[in-house]
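Make the full structure from the sequences, and use the hints.
So you can see what is in the structure, the chains are spelled out below.
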Amino acid sequence: MSKPTDLVQGTLDLLILRVIALEPMHGWAIGQRIKQMSGDVLQVGQGSLYPALHKLEQQGWIAAEWGESENNRRAKFYSLTRAGRKALEKEAAQWERLSAAISLIVKPT
Amino acid sequence: MRALQTLRLRLRSLFRRQRVESELDEELRYHVERLIEENVVRGMSADEARHAALREMGGLEQRKEECRDTRGWGWLEDLTWDVRFAVRTFRKSPVFAITVIASLALGIGVTTAVFSAVNAMLLRRLPYPDPDRLMWVAHEGRRLNNSTAAYGMQFDDWRRHARTLEDIAATAGAGAPILRGVGDPVHVGARRVSPTFFSMLGAPMLLGRGFLPEEEQPGREPVAVISHQFWQQRLGGDPHVVGRLLRLDDRDVRVVGVLAPSARIFVRGAVWLPLIIDPATVRGERQDWMDVLARLKPGVARETAEAELQTIKNRHAAGSAGILDGRVRLTRLEDFLVSDSRRLLLVLQGAVSLTLLIACVNVANLLLAHGTTRQRERAVLAALGAGRSRLVRQMLAESLVLASVAGGLGLLLALGLVRLSMALRPPSLFGTLANVATVDLDPSVLAFTTSASLLSALLFGFAPALRFSRPDLARSLKDGGGRGASSRHRTRSVFLVVQVALAMVLLVGAGLLVRSFVTLLHVETGYQPNSLLTFQLALPKARYPEHVDRARFQQQLLDTLRTVAGVERVAAATNVPFTGAGDLFFGTQTLKSRYGTDLNSPNVRVGLSSPGYFQAMGIALRQGRDFGEQDTSGAPPVVIVTESFARQVFPRGDPLGKTLPMPKFISKEPATIVGVVDDIAREAHRERKPELYLPFQQQWNEPGMTVVVRSAQGPAVLLPSLRRHLHSLDDRLVVENPMTMNARLAHSMGPRRFVLAMLGLLAAVAVVLAAGGVYGTIAYVVAQRTHEVGIRQALGARSSDVVRLFVGQGLRLGLGGVALGLIAAIALSRVIATLLFAITPTDPLTFASVAVLFTGLVWVSCWLPARRATRVPPVVALRQE
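Protein chains in written order, with the working numbering: chain Z, 1 to 109; chain E, 110 to 990.
Keep in mind that the hints were calculated from the coordinates and are not lab data.
Worth double-checking, as some hints may not be accurate.
Ranges between beta-carbon positions, derived for each pair [unchecked claim]: (1) Leu104/Z - Ala492/E: 43 to 51 Å; (2) Ala21/Z - Ser202/E: 52 to 60 Å; (3) Leu22/Z - Arg151/E: 21 to 29 Å; (4) Ala492/E - Gly67/Z: 46 to 54 Å; (5) Ser103/Z - Val192/E: 48 to 56 Å; (6) Ala21/Z - Gln171/E: 25 to 33 Å; (7) Glu89/Z - Lys201/E: 53 to 61 Å; (8) Ser103/Z - Arg164/E: 35 to 43 Å; (9) Trp95/Z - Gly517/E: 53 to 61 Å.
Once the Cα atoms are required to be at most 25 Å apart in a straight line, the calculated BS3-like pairs of lysine-lysine come out as [unchecked claim]: (10) Lys55/Z - Lys35/Z; (11) Lys173/E - Lys55/Z; (12) Lys777/E - Lys650/E; (13) Lys798/E - Lys767/E; (14) Lys777/E - Lys767/E; (15) Lys650/E - Lys35/Z.
Where a beta carbon is used, it is the ideal one built from N, C-alpha and C, also for glycine.
What follows is the structure, given as structure tokens:
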């Protein structure tokens, strides 16, 4: 397998929002889920997840709450706020357009 | 919602930092632990698993820092760091920091204190309604602020006929009647006012009412309005005071009102009585002078009203000799009240600005020098990736640290100085104005200091910041400390020259004023103020109705006092200098028509004196004789004139035996001149003006007099026995205001002394700052060139050569400053010309001594650091970067 694909800047935010749209999740789980959902293609750098989470929290798109993790330990759970949901829709639409455009160019005709 | 959440998070991270940090720690630790677990599952050992996990995280601390950055307080943390860094820097070069802080604190503190005084006196508006229409009515001829306003007759005419005025009111002294029945008998300050006086000044009543128009008619029940202070302090705030009778000079006076504490009246008084306008006053037979205030009708120009009052005066004064002859003048009351001190205060304010400017230039110069020495340090920071704005911010932080420390210290200094100045403030500071204004630190002054300190922070922080934020990296790093581009040297040289010049201007101004003050103190007064005790006495009209009664008592009194042990001479007069009593004047037009000669003053001061007064005062009798026993009320009227009067009216020929026509209220017959005495100097300006003296025995309308006692004994010993002898004649009289003549003289100089002390303080600060500035700059230049000094000395230069090199360089600049300062001082000294006494604004002595002083200061300031540089062993100097 090649090196984990470097995430295009800004896409990490989109992925996080997307993942926690399903249910509140803590940082470790978010990383795991992204990896799993992308079929192990996308791998978030272990450390870079947290600054992104804190930034989103400061922006008011996600909110944090301490809770119990699946292995009964205290963990910080992130969930989507209403503003975050709106942002997700917008970002997702934006991504659709962008990836479609890129596909048009990159795909051999 | 979102904004709220953000705000909540930011505040939380700011104020509950510990908690937020521990949460961050826990969150990341959880992640690491999961990683470790995973690694262990993959078959690593515990240790391996941990290392691998941390490696994967890419450094735990860096991640934390990235998370912290998202909180948006980066700038604050940067600022904290900048401030800490600044403090460390200043600790490393304490002399620099102390000099800067001391300069600024001195500048801010001293200027704030002086500005507070100026603000209280000049800038704060007087609390009178519609001040632009409120006028002081006076007669030209004497200095406006002392001028006799008008006689009762004129006031009455004006009130009846003036069409340009909305209102006109008058006030006159009422002596100091004795209050009995409330504690010990005391003199209370009393004034008479016309009915609309209080409303014109917007002075409200707390209790009762003001005066009614009919109360100024003679023969009505005596009524009084009392001041709030008198009510509180003397009458214990009696709630039923309205209607109460007060025993004043053996007369019952009914209280009708109490002034509100907010009432600010420009003359002091405890008891206010109605100003009675009786028929004799209206006919001009009774001389009763009063201060007149007028309120113009809206839209009426000052000049129009002035012309109208002049016309009315001319029309009605025709035929009544002895009325004030000067032209009628209106002055805004506000201007009138500050006129005396206005110019002095403005000069003071100018001096304040100059001092602050010098402080700022000083600090700018020091920071500029400091900035240059640190160019290499900045270059290193820039090379390490610090952005331009980051560098500017750091320099600004340094200035802010300095400015806030200095601002705080300055404020403390100002508070102390204001306290001190209040303590030193003479009771008569700025004359009447002291009653309406108090000096304290007020918010606008605070704003002034704050902006001054912030402005200087920007001024001296930003200029160097911009200059050095673009360091030429390669050159700076190679250069090892930036041994000055010449343009920077030039800026600092200009600063130095400007600083010296400004301080010169200030010192020349202060020097001129102080010198004229000292001259003033040593002016011959025309009398002998040493060993002279004076006190005032009023003989109530109730018990001494006629002037012969008063004269008889006076003679008895003087005879009795003469027997007191240690008393050499005793006499009495109404116009003893600085007693503020008995200022009588009359016009001189009649003299012109009679003798065809003119006096240089339209009004002549007239005083009453007892036989032996001139001898007791030490006033020389030039010609003729003093008053004597023979000059009784039945004898032909006599008058004694002063020398300048004689010289001006009788330029050729003998004044003795000539007769002078007298105003109606003084005498119907002309008085014969029997003597000529020396002129005496009165008031602060000490001009000698023509005066007349009349004997008590022949005229004595007003009940007051001042007794003068010449004795080698001090007042403490003398007063009790004087009092005892007085009370053996009449135990109901009260000795008022006993003071030695020297004390009266000093007292009269109080306000001027105070202002000069302030000015002297400013000048001293300016000189210290300028000297410090020169020293700092030269010391810096020398320090920069220590290396060069080392080379020179290694090559065989003697230390005297090196010293001469630096001193020469500094002296060139310093002399430039001195020259510039002299030119500026000559230009500016014209502003204070009217404040000077007996010296010209370009007084060579002052200018020369200030120039010499500054040259000396510059020389010392250059010599000290230069000398120190030569003491550094060449080996050390050569190694120095």
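Hints and how they fare:
1. Leu104/Z - Ala492/E: 43 to 51 Å: holds (46 Å)
2. Ala21/Z - Ser202/E: 52 to 60 Å: holds (58 Å)
3. Leu22/Z - Arg151/E: 21 to 29 Å: holds (28 Å)
4. Ala492/E - Gly67/Z: 46 to 54 Å: holds (48 Å)
5. Ser103/Z - Val192/E: 48 to 56 Å: Given range 48 to 56 Å: holds, Cβ gap about 54 Å.
6. Ala21/Z - Gln171/E: 25 to 33 Å: holds (29 Å)
7. Glu89/Z - Lys201/E: 53 to 61 Å: The hinted range 53 to 61 Å holds for Glu89/Z and Lys201/E, with Cβ atoms some 57 Å apart.
8. Ser103/Z - Arg164/E: 35 to 43 Å: Given about 36 Å between the Cβ atoms, the range holds.
9. Trp95/Z - Gly517/E: 53 to 61 Å: Given range 53 to 61 Å: holds, Cβ gap about 56 Å.
10. Lys55/Z - Lys35/Z: holds (21 Å)
11. Lys173/E - Lys55/Z: holds (12 Å)
12. Lys777/E - Lys650/E: holds (23 Å)
13. Lys798/E - Lys767/E: holds (20 Å)
14. Lys777/E - Lys767/E: With Cα atoms ~16 Å apart, Lys777/E and Lys767/E stay inside 25 Å; holds.
15. Lys650/E - Lys35/Z: violated (114 Å)
Hint 15 from the earlier list is the only one contradicted by this structure; the remaining hints agree with it.
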